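**Q** The listed protein sequences derive, respectively, from chains Y and B.
According to the working numbering, the first sequence holds residues 1 to 114 in order.
According to the working numbering, the second sequence holds residues 1 to 115 in order.
If you are wondering where the hints come from, they were derived from the structure by calculation, not from laboratory data.
Errors might be hidden in some of the hints.
[Stated by the list, open to error] EDC-like mimics (lysine to aspartate or glutamate), calculated; alpha carbons at most 20 Å apart, straight line:
1. Lys78(B) to Glu10(B)
2. Lys102(B) to Asp62(Y)
3. Lys14(Y) to Glu79(Y)
4. Lys102(B) to Asp38(Y)
5. Lys78(B) to Glu61(B)
6. Lys102(B) to Glu52(Y)
7. Lys70(Y) to Asp26(Y)
8. Lys102(B) to Asp26(B)
9. Lys102(B) to Glu30(Y)
10. Lys102(B) to Glu59(Y)
11. Lys73(B) to Glu15(B)
12. Lys71(Y) to Glu30(Y)
[To be verified] So these bits of chain B aren't anywhere near chain Y, every CB distance computed over 10 Å:
13. Val13
14. Thr24
15. Ile46
16. Glu61
17. Phe64
18. Lys73
19. Ser82
These figures come from a predicted structure and were not determined experimentally.
The beta carbon of each residue, even a glycine, is placed where N, CA and C say it ideally should be.
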Amino acid sequence: NAGVTQTPKFRVLKTGQSMTLLCAQDMNHEYMYWYRQDPGMGLRLIHYSVGEGTTAKGEVPDGYNVSRLKKQNFLLGLESAAPSQTSVYFCASSARTGSNQPQHFGDGTRLSIL
Amino acid sequence: AQTVTQSQPEMSVQEAETVTLSCTYDTSENNYYLFWYKQPPSRQMILVIRQEAYKQQNATENRFSVNFQKAAKSFSLKISDSQLGDTAMYFCAFMMSPNDYKLSFGAGTTVTVRA
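With the rest of the complex left out, here is chain Y (with noise of 0.2 Å):
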């Protein structure tokens, strides 16, 4: 039972740097999201996608770029990590809207940005 699998667990870069963060789902859901958690702040929501081929901003877009080119894979860049990027990301995904099929998440990604 993978659920949502998100690669890598940890990362340190320096500030320029790129990098991509991928999220997988074994459980043939529609929609995928990805949110960042900092302290004090709860899960903001950064982009998301409802299905192949399709993603759309969520409340934090900026600096951040998203691809869904498989149905099972979510992938979150950073063109040009900058310090404010520094947070836990997660990973979400879920078979339909409502309440009837929750958002199931990933075990999260520590970035820093040094």
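Since chain Y is already given, all that's left is putting chain B on it; use the hints.
**A** For chain B alone, coordinates are given in the frame of chain Y:
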């Protein structure tokens, strides 16, 4: 954006006792969903309980129950018979309607259960 407020940053409770976490939200919508998520030290986000706004009956899941006051826009979580494994951060979350994909989270309440 919807606003979700959790006014208690930290709470401590003795094992086997009851603790209540508060959550208020701001919306002009009539149809929405509310959730409580638990995040233990392992960092995993776990759905605890959910409530549909159109249901007057408060949701219950084993030792977890909510007090949903729609007019007051309040959604508190009660943990009964607290166990050490309940130690975690608890997040209140709001989803505007069945067709809205986005969850809005509160800042969280850290609950510590003492032995």
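**Q** Decide, hint by hint, whether the structure agrees.
**A** Going down the list of hints, with the structure as the test:
Annotation: proposed proximity of Lys78(B) to Glu10(B) holds, straight-line Cα distance about 15 Å (limit 20 Å). Straight-line distance between C-alpha atoms of Lys102(B) and Asp62(Y) comes to about 17 Å, which keeps the hinted pair within the 20 Å bound. Restraint check for Lys14(Y) and Glu79(Y): the C-alpha separation of about 12 Å stays at or below 20 Å, so the hint holds. Proximity of Lys102(B) to Asp38(Y) is assessed by CA-CA distance (about 18 Å); at most 20 Å being required, the pair is judged to hold.
The suggested pairing of Lys78(B) with Glu61(B) holds, with an alpha-carbon distance near 10 Å, which does not exceed 20 Å. Taking the CA atoms of Lys102(B) and Glu52(Y), the gap is about 18 Å. The hint holds against a cut of 20 Å. The straight-line distance between the Cα atoms of Lys70(Y) and Asp26(Y) is roughly 12 Å, inside the 20 Å bound, and the hint therefore holds. Between Lys102(B) and Asp26(B) the alpha-carbon distance is near 15 Å, which keeps this suggested pair within the 20 Å criterion.
Proposed proximity of Lys102(B) and Glu30(Y) is supported: the alpha carbons are some 14 Å apart, at most 20 Å. Under the criterion of a C-alpha separation no larger than 20 Å, the hint pairing Lys102(B) with Glu59(Y) is consistent with the structure, at around 9 Å. Note on Lys73(B) and Glu15(B): the hinted pairing is violated, with a Cα-Cα distance of about 30 Å set against a maximum of 20 Å. Only pairs whose Cα atoms come within 20 Å are accepted, and Lys71(Y) paired with Glu30(Y) is accepted, the gap being roughly 7 Å.
With a minimum CB-CB distance of about 21 Å to chain Y, Val13(B) clears the 10 Å threshold, and the non-interface call stands. Non-interface call for Thr24(B) relative to chain Y: holds, since the shortest CB-CB distance, roughly 14 Å, exceeds 10 Å. Chain Y draws Ile46(B) into its interface by the beta-carbon criterion, the shortest separation being 8 Å against a cut-off of 10 Å. Listed as a non-interface residue, Glu61(B) keeps its Cβ farther than 10 Å from every Cβ of chain Y; the least gap is roughly 12 Å.
Taking the minimum C-beta to C-beta distance to chain Y, about 14 Å, the non-interface status of Phe64(B) holds against the 10 Å cut. At roughly 17 Å from the closest C-beta of chain Y, the C-beta of Lys73(B) stays outside 10 Å, upholding its exclusion from the interface. Interface exclusion of Ser82(B) from chain Y stands, the closest Cβ pair being 23 Å apart, more than 10 Å.
The structure fails hints 11, 15 (numbered hints given earlier, in ascending order).
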